[in-house]
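S.K.: Using the numbering used here, read the sequence shown as starting at 1 and increasing by one per residue.
Derived from the structure by calculation, the hints contain no laboratory data.
Owing to the predicted nature of the structure, the values given are computational and were not obtained by experimental measurement.
Here are the simulated DSS-like pairs of lysine-lysine, each with C-alpha atoms no more than 30 Å apart in a straight line: (1) LYS4 with LYS30; (2) LYS4 with LYS28; (3) LYS3 with LYS28; (4) LYS135 with LYS170; (5) LYS28 with LYS170; (6) LYS30 with LYS3; (7) LYS4 with LYS170; (8) LYS170 with LYS3; (9) LYS170 with LYS30.
Computed Cβ-Cβ distance ranges for the label pairs, DEER-style: (10) THR130 with ASN76: 39 to 49 Å; (11) LYS3 with GLN117: 30 to 40 Å; (12) GLY66 with GLU121: 37 to 47 Å; (13) ASN49 with ARG27: 27 to 37 Å.
In this text, a Cβ means the ideal position worked out from N, Cα and C, and glycines have one as well.
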Amino acid sequence: MSKKIIGVIGTISSGKDTVAEYICLTRKIKNFSFSDEIRQEATARGLSNARANLFNLANELRSNYGPDELARRVVNRIREDLAIVTSIRYPGELQFMRENSDFTLISVDAPIELRFQRSRERGRLGDGNTFEQFKSAEDNELRGGDPNLQFIRVMRAADYFIINDGTLEKLHNRVDEIVRAILLIVS
1 MSKKIIGVIG
11 TISSGKDTVA
21 EYICLTRKIK
31 NFSFSDEIRQ
41 EATARGLSNA
51 RANLFNLANE
61 LRSNYGPDEL
71 ARRVVNRIRE
81 DLAIVTSIRY
91 PGELQFMREN
101 SDFTLISVDA
111 PIELRFQRSR
121 ERGRLGDGNT
131 FEQFKSAEDN
141 ELRGGDPNLQ
151 FIRVMRAADY
161 FIINDGTLEK
171 LHNRVDEIVR
181 AILLIVS
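With the hints as extra help, turn the sequences into a complete structure.
M.R.: Right, dumping it as structure tokens:
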């Protein structure tokens, strides 16, 4: 039987980590992050986890081993029958996940003004101190110059979409509904 993997992707401060953590908690499963894979490689090479280092290292890995290298590493680490995967950003990663597991992708988004407010409340100033800087950081991520990234294409390829513009309870109810559908659980 193929591993069932639920991927979670989303814009900055959309609630994607909240969604992934909630699924992990309620289903008692592990979260495997592409970002963690890059951090482990950086540590093994004696590099700091500075954002620029991680970005360059990820590009090096994709350049040297193919656009699906991080996906391959993550899938090979998963021993469980059901797992969460976060930080997918490239079409090649998505393609590998779909071809090598029973993969379902959930996309999380929220209005940009609400995401900026959440970012500021959490003290995530690296995402931008002003609304204009926040928008610029998002534009870089969504439509960056790297043709392999195409983050917005990956988001649009999701099987399920969540607009996280309400309460935490509303978000949890929507996630429960989606997970039941993915796992074919009748409530």
